[in-house]
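J.: Starting from the structure of chain P, add chains Z and Y where the hints point.
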Amino acid sequence: MPGLSRKFRSSATNRLNLAPETRLLLTFLASLFSLIFSSGLSLGILALVSAVYMLLEVRPKAVIIVYLAFAVMAAIALSCLKIISLFVPVMREQPLSAAFLPFVRMSISLNVILPLALNSKLSELANTLGRLKFPGIIKLPLIITIRFIPTFFNDLQLLREAVAIRFRGLSGPLFWLRHPLLLWRVFFMPLVVRLIRSADDLAIAAELKGLSASTDFGGGKILLANSDKIALCLTTISISMAYMAGQLSAL
Amino acid sequence: MNSDITTSDGSGAQVSGAKPSLKNRLSALLDGRGLFKTHELVTIGLFAAGSRAASLTVALVGGGMNPVTMIIRSAVHSALLLVLLAKVPRTGALTMATLVGGLLSFFLLGQAMMTLPMVIIVTALTEVFIKVLGGLERRPNLGILAIIISELLTRVINIALGLVTFREQPGLIIMVAFISAFSYLGIILGLFGGKKMIKELRHAGLIA
Amino acid sequence: MLKVQSLTFTHAASNLPAVIDANFELEPGRALLVTGPSGGGKSTLLSLLAGLAPGFLKGKLTGSIVLDGRSPQDPGLWAENVGLMTQNPESQFLAGSVLDEIYLTLRCRGKTGPQAQQAAEERLSALGISDIRDQSVFKLSEGQKQKVILAALTALKPKVLLLDEPSANLDPEALVSLSQTLKMLVSEGLSLIIADHRLAWLRPVCQDILVLNNGQTVYRGGFSPLEDDNFRSHLGLRAVTLSSFDNLPKAPMGSGPGVWVDNLTFSYRGGPPILEDLNLRVDYDKVTAVVGPSGRGKTTVARVMCGLEKPQSGRVVFQDAPLKEAYGTVVLQNTDHQLYMPKVSSEIDLALAPGKKSRPTPTPKALEILEAYGLCHLADRHPQSLSGGEKQRLAVAVGLARPTKLLVLDEPTSGLDGLNLKLMSNQINLAAQRGTAVMVITHDSELVNLAANQVFDMGPSPS
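Protein chains in written order, with this note's numbering: chain P, 2 to 252; chain Z, 484 to 691; chain Y, 14 to 476.
Rather than coming from a laboratory, the hints here were simulated on the basis of the structure. For clarity, every value in this text was computed on a predicted model and none was experimentally measured. All C-beta atoms, glycine included, are put in the ideal place defined by N, C-alpha and C. There's no promise every hint is true.
Label-pair ranges, simulated between beta-carbon atoms [as the list claims (entries may be wrong)]:
hint : chain 1 : residue 1 : chain 2 : residue 2 : range
1    : Y       : Glu-384   : Z       : Thr-574   : 18 to 28 Å
2    : Z       : Phe-612   : Y       : Glu-38    : 28 to 38 Å
3    : Y       : Pro-286   : Z       : Ile-671   : 50 to 60 Å
4    : Y       : Pro-286   : P       : Pro-181   : 37 to 47 Å
5    : Z       : Arg-685   : P       : Cys-234   : 53 to 63 Å
6    : Y       : Gly-472   : P       : Ile-65    : 39 to 49 Å
Selected chain Y positions facing chain P (in silico; Cβ < 10 Å) [what the hints assert, rightly or not]:
hint : residue
7    : Met-14
8    : Ala-63
9    : Gly-64
10   : Leu-65
11   : Asn-101
12   : Gly-109
13   : Thr-118
14   : Arg-122
15   : Tyr-340
16   : Gly-341
17   : Pro-355
18   : Leu-463
Next comes chain P alone, as it looks inside the complex:
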């Protein structure tokens, strides 16, 4: 769509100026090869390269918050493992590197997911779907979803305020802990009602507009900028280097 296409590459959050398709491909390749590679050296190279990509695309504050949460989760998992190994002797014989490799693998995924999650705009999705030639049966509900997500979060906000007003002087964690079912009723039930009403409203709007799964939403052709081409070349080189490093370390 004309208005949407102007926001195709938003420079405010997408510092490397990558197309959404490029970011998706990078995420897919990194996740796939992190599963394929077993060598610590290969995974280390991928982790390093993906970390550089993440740091170029994501604000340092967000990286620190997410990595702190990741560290807490890893610590809990390793502690549980330690407890299990007290009862299962065979698990005590694992080398130290083996304990960390799964987390390196997870960190590679995290490094590529973060730029995608924090930089993707709902409005970009419509064009991406158009360019990727998705079948109409998938494209239609996804396009409607783009329209709906802001409404959903607005509904959540209104709901939160309505509950805050209605239960003023009573609400507070203790009140809700004593009445968990009321929490379900006052938050979840109106949300479902709003969901159904939005579905009915948008369904009528779509029908009256003549929108159907065979509607051509446009979106144009996939045009890769130099930044996309460089990113894809560097990804190929990094994966090849990681592969060769793995082969060498096995000798």
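T.: Using the frame of chain P, we list chains Z and Y on its own:
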């Protein structure tokens, strides 16, 4: 409607002549013609998005990886799926919702990238099984069984992926198993809530 | 020409028909006003004319609708000739920005990209909204949203336009603008059918009137019988002339018996100030109407007074109120978010005793409150199954069920007919007499004259 004058706008026009080619039939299928109506696709899309957004909100409020949050997230997800199946009792609705929700997570969060194809396949197989039992169109209550089976198989796939990810340290798979067990418990609890909710939504006239 | 003959419709969940034997004709370039008491069948009639039954609106339909030899078979194709603007235009948007919305409408009808782009630009220009072409549809005022929908609908060059309660959320300035736009469309040869409670603004637009009561046509003809007060009062219709409230005293400022705001300044994060050094007092025992154009900060001041927003400077004081009672209750415009329970009566019981286990039978106090708001016969109904006007009354009843120092009502009469407007005004006055400071945010001059003791004007539009 009783009308002396019928439409001449071509809405009921039939193309006579040879049978449509396989390519045309496949194209019609992918465009949703004959499979879902526009309003059904809209409803499926909205519920898939609503389920993902609600799960995300619960995770943000509840602090992510703790059993209570995991149970609530899954309960919300399964309750919404059940309401969707009550609103669109059609074979394929569950698979479409899973596909749309998965693609949304994939495009916006980079999630479910590795498991999505397998999850779609097992959900579709579940729907075939439900169709054999009579189908949602004739027996809407089978929606509960469809969700129980497909969500169980989804967790099996997640554990299998965990086995690959944690192959150097298989003990960690216990964590994945625990997460899957808690979230599955949430799925079951959500189905109870969803069933009650459907009754109330019918009373409110929001579901036929 | 549009011909409607013997049109009758009964909702699937009801035994009584919502529209009974409707008959009328509408020539090109004429506007028909459909009015009548709440629940009279106005919105249902518009849905039928839009071809939504029986596909979306389930039920039994008989009779005929014919436009230049065609009848509605497929709502999507019918919409090329008969466009519908619903009460909440935001619910009709499928795209994110203004231009995209019109562009998408045209693409859906088979126009190529350049054709759609050109036609969209032309419609924006014709309706005088080219300046907002790139704005997000979610950030527009209600009046702008309606114009975007009108631009999208008229881009398809339909023969008939249906408008459901277009005045519901508009300020007087936006109403005048909408009235001018509609007159322009009529002069271009378009036929309009407008369902609305507020009659005054439609006088220069509509030549024909249809009054529906309980689904039946009780009057069909010109505007003149509506001038008769007895005729309108008998049918529960609103006024046909805009009333002035200049004679009402201005709301006081500074400390005193009431809830007062002292030099309040507020802006949303990163935005320009919405309120600057505002001083206002809402007296206990009185109803204070807060009026002014959209975007002037009426709702914002209420949000600050009720603690939903924190001001950058200034304060809100609940005079002579203990700290634990120093808070306000606000009844928001969208009632869907404020009703939670499975029954109307249990909604009141929850408000009376929050957290107590819901009872199978309503308490006498709940029934008494429902009676006062004319909702007693609906006690067992699900709140979400009520009409817009009924939900508004229930939301106000809930807001007043518990004693509160400050009650804010945000546009409480947007979907109310004349009878229910009077009922609501009485209840608001009773609440004030019990010692509550009542603040009514409204564009409705009829409500101001009926209910308010004093008026606070927020001033002209910031633009």
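J.: Run every hint past the structure and note whether it holds.
T.: Verification of the supplied hints:
One distance hint, 18 to 28 Å for the beta-carbon pair Glu-384(Y) and Thr-574(Z), is violated here, with the actual separation near 49 Å. Distance hint check: the CB atoms of Phe-612(Z) and Glu-38(Y) are about 56 Å apart, inconsistent with the given range 28 to 38 Å. Taking the beta carbon of each, Pro-286(Y) and Ile-671(Z) are about 52 Å apart, inside 50 to 60 Å as hinted. Distance hint check for Pro-286(Y) and Pro-181(P): the Cβ-Cβ separation is about 41 Å, which falls inside the suggested range of 37 to 47 Å.
Take Arg-685(Z) and Cys-234(P): their Cβ atoms lie about 58 Å apart, and the range 53 to 63 Å holds. The hint said 39 to 49 Å for the Cβ distance between Gly-472(Y) and Ile-65(P), and at roughly 46 Å that hint holds. Checking Met-14(Y) against chain P by beta carbon gives a least distance of about 22 Å; that is not within 10 Å, so the hint is violated. Given the 10 Å rule on beta carbons, the hint for Ala-63(Y) holds: about 7 Å separates it from the nearest Cβ of chain P.
Taking 10 Å as the C-beta cut-off, the interface hint given for Gly-64(Y) holds, the closest approach to chain P being about 9 Å. Because the closest C-beta pair between Leu-65(Y) and chain P is about 7 Å apart, less than 10 Å, the hint holds. Taking 10 Å as the C-beta cut-off, the interface hint given for Asn-101(Y) holds, the closest approach to chain P being about 7 Å. Annotation: interface hint on Gly-109(Y) holds; nearest CB of chain P at approximately 5 Å, less than 10 Å.
With a least beta-carbon distance of about 5 Å to chain P, the hint placing Thr-118(Y) at the interface is held under the 10 Å criterion. Annotation: interface hint on Arg-122(Y) holds; nearest CB of chain P at approximately 6 Å, less than 10 Å. Given hint, Tyr-340(Y) at the interface with chain P, holds; its Cβ is 5 Å from that chain's nearest Cβ, closer than 10 Å. Hint status for Gly-341(Y) relative to chain P: holds, with the closest Cβ pair at about 8 Å, below 10 Å.
Given hint, Pro-355(Y) at the interface with chain P, holds; its Cβ is 9 Å from that chain's nearest Cβ, closer than 10 Å. For Leu-463(Y), the shortest C-beta to C-beta distance to chain P is roughly 25 Å, which exceeds 10 Å, and the interface hint is violated.
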